Amino acid sequence: MGDTKKTTIVLFSGDYDKAMAAYIIANGAAAYDHEVTIFHTFWGLNALRQETNIPLKKGFMEKMFGKMMPRGADKMGLSKMNFAGFGPKMIKGVIKKHNAMTLPQLIEMAQEQDVKLVACTMTMDLLGLQKEELLDNIEYAGVAAYLADAQDGNVNLFI
Amino acid sequence: MGDTKKTTIVLFSGDYDKAMAAYIIANGAAAYDHEVTIFHTFWGLNALRQETNIPLKKGFMEKMFGKMMPRGADKMGLSKMNFAGFGPKMIKGVIKKHNAMTLPQLIEMAQEQDVKLVACTMTMDLLGLQKEELLDNIEYAGVAAYLADAQDGNVNLFI
Amino acid sequence: MGDTKKTTIVLFSGDYDKAMAAYIIANGAAAYDHEVTIFHTFWGLNALRQETNIPLKKGFMEKMFGKMMPRGADKMGLSKMNFAGFGPKMIKGVIKKHNAMTLPQLIEMAQEQDVKLVACTMTMDLLGLQKEELLDNIEYAGVAAYLADAQDGNVNLFI
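Residue numbers (this note's numbering), protein chains in the order written: chain A, 38 to 196; chain B, 38 to 196; chain C, 38 to 196.
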């Protein structure tokens with residue numbers, strides 16, 4: 038037990054490329070037998086959204102956030118050279134060419150490797166995101182649970 | 038003494054949402070009895086600026102930076118969906134609705150919990166920020182002091 | 038051996054100011070006798086590009102990325118207040134005024150202090166960057182090598 042290494046990542050960013058980096062490190066650490074947690078907060082929650090529109094009762098501002106934010110990993114933009122959506126197309130093009138994994142594939146792999154995917158409940162409230170809109174088999178927690186993991190972590194990153 | 042856990046955060050970003058995340062983690066860690074330091078560097082220094090304009094002798098470039106950068110936590114923009122200031126209004130709206138804490142309130146709470154707030158003296162020089170413009174009861178240090186804290190840290194983040 | 042402290046930095050960002058922060062921390066840690074690694078991935082690879090155009094055979098998308106991305110540390114933009122290149126001029130102005138070090142000088146210093154500069158081979162493939170275009174005396178590795186370093190690291194940052 039005491040020998041298991043731990044990796045925790047706070048995924049704050051809603052950018053495709055940054056989320057790729059987070060999930061590549063997480064999958065690598067899981068392959069290394071680390072216990073791995075990705076704590077999704079703020080815009081990072083968008084990586085956990087389902088692509089289909091789930092009709093839900095929401096207030097005005099929550100509806101606005103819901104519409105303006107990308108619905109799922111595949112819809113996210115780049116942190117650099119986004120060029121109104123052309124950049125993500127280029128990245129996805131080279132990913133395909135090099136037989137690398139797309140972000141949705143990296144997330145699926147993380148779930149298969151038992152990486153713990155956590156959605157931050159406090160920022161879900163702020164952005165008006167509900168459990169019904171997010172992927173199955175994820176956990177829900179707050180900053181206290183994150184810190185309980187991170188304080189014993191060997192690799193702790195904020196992305 | 039050796040049992041006290043340590044959290045250190047480099048706050049590089051000048052974005053309202055990223056600074057919120059930094060201060061939420063810092064306040065959580067302080068509530069967990071961690072020794073917590075936030076080292077403010079580059080644009081993160083703006084979170085420590087006072088709202089009122091303090092007239093000071095400055096060179097041309099220092100004056101420019103002073104005018105262009107947000108004067109205090111409440112004036113900072115969002116890293117995503119800023120929409121010329123509309124995004125921050127939305128975030129502040131949902132913070133109020135959910136009885137969550139604004140960034141200035143989170144900073145005040147951190148000071149009450151004895152989170153050590155440090156301003157990076159090297160980047161203060163570069164950006165022309167002077168002690169008179171910054172909040173009271175903060176510390177001033179450089180990268181060596183940051184590393185002395187971080188090398189014994191349990192949770193070290195760059196935000 | 039067991040007493041040597043370790044610092045590892047993932048440099049994901051291609052921004053001049055963020056790369057400055059990464060290299061300032063890395064040089065500080067090296068001066069403190071830490072074993073220091075900077076793992077350059079995605080846009081952070083641009084900090085390792087040579088300024089001169091090295092003609093190489095590349096596919097269409099790789100050529101596009103090569104043209105659109107900054108060629109070397111000196112050409113990188115700011116994460117904030119870039120203003121189409123005016124921001125970097127201002128920063129370089131105040132760096133000169135305060136006798137601080139530019140990013141290319143910080144990189145040179147890191148190499149002199151034996152900071153291990155690593156280029157991520159997976160993202161080199163994606164962005165079409167080749168060894169001939171990058172600085173001499175750097176290493177090439179993937180996420181597994183990064184994790185092997187980071188899991189024993191005292192200070193691990195993602196920038």
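These are computed hints drawn from the structure, not numbers from a lab. Do not rely on the hints blindly, as some may be mistaken.
Same chains, same names: a pair is fine if it fits in one copy or spans any two.
As the list claims (entries may be wrong) - Okay, derived cross-link-like pairs now, BS3-like style, lysine-lysine, Cα gap no bigger than 30 Å in a straight line:
(1) K42 with K100
(2) K43 with K134
(3) K94 with K117
(4) K129 with K112
(5) K43 with K104
(6) K104 with K133
(7) K129 with K42
(8) K42 with K126
(9) K95 with K43
(10) K117 with K95
(11) K42 with K94
(12) K42 with K95
(13) K42 with K133
(14) K112 with K42
(15) K112 with K95
(16) K42 with K104
Note that the structure is a prediction, hence the values are computed from the model and not measured.
Exercise for review: Since the copies are identical, ignore which copy is meant and state whether K42 and K100 lie within 30 Å (CA to CA) inside a copy, between copies, both or neither.
Suggested key: neither (41 Å within a copy, 40 Å between copies)
From the Cα coordinates, with 30 Å as the cut-off, is the pair K43 and K104 best called within, between, both, or neither?
For K43 and K104, the Cα distance exceeds 30 Å both inside one copy (36 Å) and across copies (39 Å).
#### Entry: Intra- versus inter-subunit Cα pairing at 30 Å for K42 with K133
For K42 and K133, the Cα distance exceeds 30 Å both inside one copy (32 Å) and across copies (40 Å).
**OP:** Using 30 Å as the alpha carbon limit, work out where K104 and K133 are close: within a copy, between copies, both or neither.
**Re:** both (29 Å within a copy, 21 Å between copies)
- Query: Using 30 Å as the alpha-carbon threshold, which applies to K94 and K117: within, between, both, or neither?
  - Reply: between (34 Å within a copy, 25 Å between copies)
From the Cα coordinates, with 30 Å as the cut-off, is the pair K42 and K95 best called within, between, both, or neither? neither (41 Å within a copy, 40 Å between copies)
Q | 30 Å Cα threshold - placement of K43 relative to K95 | A | neither (37 Å within a copy, 40 Å between copies)
(request) Evaluate K42 and K94 at a C-alpha cut-off of 30 Å and name the case that applies: within, between, both or neither. (result) Neither, since 42 Å and 42 Å both go past 30 Å.
Task: Within, between, both or neither: K42, K126 at alpha-carbon 30 Å - done: Answer is neither: 36 Å inside a copy and 42 Å across each miss the 30 Å cutoff.
- Task: State whether the alpha carbon distance between K42 and K104 is at most 30 Å within one copy, between copies, both, or neither.
- Result: Classified as neither; 39 Å inside a copy, 41 Å across copies.
Intra- versus inter-subunit Cα pairing at 30 Å for K112 with K95: both (22 Å within a copy, 28 Å between copies)
ask   = Within a copy, between copies, both or neither: where do K117 and K95 come within 30 Å Cα-Cα?
value = Between copies only: 21 Å across chains, 32 Å inside a chain, cut-off 30 Å.
Checked against the numbered hints listed earlier, the structure breaks hints 1, 2, 5, 7, 8, 9, 11, 12, 13, 14, 16; every other hint is satisfied.
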